[in-house]
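Asks: Generate the whole structure from the sequences, applying the supplied hints.
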Amino acid sequence: MKARESKMKARESKMEAREQMEAREQMEARESKMKARESKMKARESKMKAKREQDEGDRESKMKANRESKMKAR
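Residue numbers for the sequence shown follow the UniProt record's numbering, so the first one is 1 and each next one is one higher.
Watch out, some of these pointers could steer you wrong.
As the list claims (entries may be wrong) - The calculated lysine to aspartate or glutamate pairs, modelled on EDC-like cross-linking and capped at a C-alpha distance of 20 Å, are:
| hint | residue 1 | residue 2 |
| --- | --- | --- |
| 1 | Lys-42 | Glu-53 |
| 2 | Lys-2 | Glu-12 |
| 3 | Lys-35 | Glu-25 |
| 4 | Lys-40 | Glu-28 |
| 5 | Lys-7 | Glu-19 |
| 6 | Lys-49 | Glu-31 |
| 7 | Lys-14 | Glu-25 |
| 8 | Lys-42 | Glu-31 |
| 9 | Lys-70 | Glu-60 |
Unchecked claim - Label pairs and their computed distance ranges (CB to CB):
| hint | residue 1 | residue 2 | range |
| --- | --- | --- | --- |
| 10 | Lys-72 | Lys-35 | 51 to 61 Å |
| 11 | Ala-3 | Met-34 | 40 to 50 Å |
| 12 | Glu-19 | Lys-40 | 26 to 36 Å |
| 13 | Glu-38 | Asp-58 | 28 to 38 Å |
| 14 | Glu-19 | Gly-57 | 56 to 66 Å |
| 15 | Glu-68 | Met-34 | 50 to 60 Å |
| 16 | Lys-49 | Ala-10 | 56 to 66 Å |
| 17 | Lys-62 | Met-27 | 44 to 54 Å |
Keep in mind the hints are simulated off the structure, nothing from the lab. The beta-carbon is built from N, C-alpha and C at its ideal position, and this holds for glycine as well.
Replies: And the structure:
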């Protein structure tokens with residue numbers, strides 16, 4: 001009888017350990033997904049910022065070129 005009980009307890013503890021490991025793995029997977037999503041967002045933001053700065057620089061150079069051509073036309 002005691003042997004059966006100890007077997008049952010051992011089986012239960014194994015099951016609990018397996019469940020804890022699975023839960024930990026799921027948490028880690030969720031965290032890595034979140035980190036990947038965050039890094040993707042940061043990359044997108046920096047790309048947009050660079051494009052915005054490039055566009056602004058292009059606009060300024062166009063304005064400067066227009067100003068210079070108008071001055072030459074006078």
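Asks: Do the beta carbons of Glu-19 and Gly-57 sit within 56 to 66 Å of each other?
Replies: Holds, at about 57 Å.
Asks: Against the range 26 to 36 Å, how does the distance between the Cβ atoms of Glu-19 and Lys-40 compare: consistent or not?
Replies: holds, 32 Å
Asks: Is it true that the C-beta distance of Ala-3 to Met-34 lies inside 40 to 50 Å, as the hint says?
Replies: For Met-34 against Ala-3, whose Cβ atoms are near 47 Å apart, the range 40 to 50 Å holds.
Asks: So if I understand the rule, the pair passes when the alpha-carbon distance is 20 Å or less; does Lys-7 with Glu-19 pass?
Replies: holds, 18 Å
Asks: Straight-line Cα separation of Lys-70 and Glu-60 no greater than 20 Å?
Replies: holds, 15 Å
Asks: Taking only the CA atoms, is the gap from Lys-49 to Glu-31 under or equal to 20 Å?
Replies: Not satisfied, since the Cα-Cα distance of roughly 27 Å exceeds 20 Å.
Asks: Cβ-Cβ distance between Lys-49 and Ala-10: within 56 to 66 Å?
Replies: holds, 58 Å
Asks: Hint check: Lys-14 vs Glu-25, CA-CA at most 20 Å. Holds or violated?
Replies: holds, 16 Å
Asks: Is 50 to 60 Å a correct range for the gap between the Cβ atoms of Glu-68 and Met-34?
Replies: holds, 51 Å
Asks: Could you check the hint for me, namely that Lys-72 and Lys-35 are 51 to 61 Å apart, CB to CB?
Replies: holds, 55 Å
Asks: Is the hinted range of 44 to 54 Å satisfied by the C-beta distance from Lys-62 to Met-27?
Replies: For Lys-62 and Met-27 the Cβ distance comes to about 52 Å; the hint holds.
Asks: Regarding the pair Lys-42 and Glu-53, is the alpha-carbon distance no greater than 20 Å?
Replies: holds, 16 Å
In the structure shown, a violation is registered for the earlier hint numbered 6 alone.
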